[in-house]
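Engineer: From first to last, the protein sequence lines are chains A and B. Just remember that the working numbering sits 1338 ahead of the position in the first sequence, which is counted from 1. Just remember that the working numbering sits 1338 ahead of the position in the second sequence, which is counted from 1.
Hints in this document: simulated from the structure, not taken from any laboratory. Each hint should be verified, as a subset may be incorrect.
[As the list claims (entries may be wrong)] Restraint ranges, calculated between C-beta atoms of paired labels, are given here:
{"hint": "1", "chain 1": "A", "residue 1": "Asp1548", "chain 2": "B", "residue 2": "His1421", "range": "19 to 29 Å"}
{"hint": "2", "chain 1": "B", "residue 1": "Lys1424", "chain 2": "A", "residue 2": "Glu1599", "range": "37 to 47 Å"}
{"hint": "3", "chain 1": "A", "residue 1": "Tyr1497", "chain 2": "B", "residue 2": "Asp1548", "range": "17 to 27 Å"}
{"hint": "4", "chain 1": "A", "residue 1": "Ser1464", "chain 2": "B", "residue 2": "Leu1342", "range": "48 to 58 Å"}
[Said to hold, decoys possible] Derived list of chain B stretches under chain A, where covered just means 3 residues or more per stretch with a C-beta under 8 Å from a C-beta of chain A:
{"hint": "5", "stretch": "1343–1352"}
{"hint": "6", "stretch": "1419–1429"}
{"hint": "7", "stretch": "1440–1448"}
{"hint": "8", "stretch": "1476–1488"}
{"hint": "9", "stretch": "1603–1609"}
All residues carry an ideal CB built from backbone N, CA and C; glycine is no exception.
2 protein chains.
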Amino acid sequence: MKELNYLIVGLGLIGGSIAKGLTKTNHNVYAIDINKESINYAKDEKIILNTNESNEELIKNADIIILCLYPSMVFNWVNENKHLFKESVLLSDVTGVKKEIVTKIQNVLEKGEFLAMHPMAGREVSGVQYANENIFLGANLIIVPTEKNTSSSIEKIKYIGEILSFKNIEILSIDEHDKMISYLSQLPHAIAVALMCDRNNDHLIRYTGDSFRDLTRIAKINASLWSELFIANKEHLVLDIDSFIATLSKLKNNIDEENVEALKEMFSISKERRTNFDK
Amino acid sequence: MKELNYLIVGLGLIGGSIAKGLTKTNHNVYAIDINKESINYAKDEKIILNTNESNEELIKNADIIILCLYPSMVFNWVNENKHLFKESVLLSDVTGVKKEIVTKIQNVLEKGEFLAMHPMAGREVSGVQYANENIFLGANLIIVPTEKNTSSSIEKIKYIGEILSFKNIEILSIDEHDKMISYLSQLPHAIAVALMCDRNNDHLIRYTGDSFRDLTRIAKINASLWSELFIANKEHLVLDIDSFIATLSKLKNNIDEENVEALKEMFSISKERRTNFDK
């Protein structure tokens, strides 16, 4: 698939990192971004091909388009540009919540195919200047097909995942994906944010050990992106937060009642389950 | 202070690591443990000095005794052995919660002085075979004096902290220490445990990214030790869990009500505060 034209729409941290990985393996990579500086930077750094073609021409010539936009912009971009797409175009995205986007896009698409994916990778920074194809090393790529997708498109996305050196490439339904993301990614982010917002803690910095730092690393959150992601997945996330609060309250009651046996039981479950998660 | 006799009581991970650090810097280190195998291992590995003296003799000859026992055992050990102490002995401990232990011990002590310390370091393993003096590198040592302590004892404990390569050596009151530990260490551990106990999550292992792993690393908890620590500090910890739950509930309500501005405000506070914690 080296002869195909790849178009990255939205050249931030993830878009830039995908572009870098594809370019390094000799694929033809183009990009569109509302920020001209990001495009110029990427051309200068040879992250994307240097061309003077207009955005319209880039879209018309693209075989594979990867949408690396904020969740709220993905649908609109497709809807506004769909008349330009090649008949055979394959579109994909990197959005962290799939429910609304996937069905909506598949319903308006007249040409080509939209197959969602979610590269489970990121950093606490944003912008193409931080792009680094190594962020995918050892990470998971989730492909989220519906009944409208073809197996040949799934193979194409798998191929991209392999080029980018993802450790696991998995297939999940929209609901399975959004549920999994709520518990494994969004709930931890909500917890980290709540822990930092809980009190002014500047005076505690010099006493902080690794556990507090590990637990709150992800609290350095991109406010615009994550407010969109949390709200887009609120159906699962609100229930998960409630469930977590109930479990933490149970732990608290065991402490308050000095119920040593019940505490030890929770610690044993915790230790056993967490040991299974070791790489 | 190289001519002094150091006695480690309780040769587990922390006791063993302190012993190793002191021995490597040519101090005279002895140890007592109910587990004869731990003592033999430490003698074979030259972590402590090889001697045939009885425990009674070791206690009688000790200039500095460091209690590395479970919290519930510290007071009883001192009370049962205090008649053997040298007139000039300095006792210290490594217990994670100070309120009950410190005052109680200082009140029964007839000879010598008890000055509490808390090396804020650990691993998710226990036993002298995991002892490693490097666990203190970059960590905090909190010294917790009361009005009964002398400045010369504080200097002796600081000296030990320096030998063991702690990054910071800080002085806190009992209440300041226990409050700080509740928020910075115990609350994160309670959160990690609750997150793992929340549901059976074995089937999610292959989708897990770094954020979930980082947040739950400390969930591999020593059940006996931490149930003692949580209960010993319940006065602070129960309030801290309540406060955290209130903040997380506020975050949840903002998600549920799709209050983007309020969410962004929390994320901004979170990001700003967490950035201050970067080393």
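Engineer: Against this structure, judge whether each hint is valid.
Structural biologist: So, going through the hints one by one against the coordinates:
| no. | hint | in the structure |
| --- | --- | --- |
| 1 | Asp1548(A) - His1421(B): 19 to 29 Å | violated, 41 Å |
| 2 | Lys1424(B) - Glu1599(A): 37 to 47 Å | holds, 40 Å |
| 3 | Tyr1497(A) - Asp1548(B): 17 to 27 Å | holds, 25 Å |
| 4 | Ser1464(A) - Leu1342(B): 48 to 58 Å | holds, 55 Å |
| 5 | 1343–1352 | violated (count 0) |
| 6 | 1419–1429 | violated (count 0) |
| 7 | 1440–1448 | violated (count 0) |
| 8 | 1476–1488 | holds (count 3) |
| 9 | 1603–1609 | holds (count 6) |
Against the hints set out earlier in the document, violations occur for numbers 1, 5, 6, 7.
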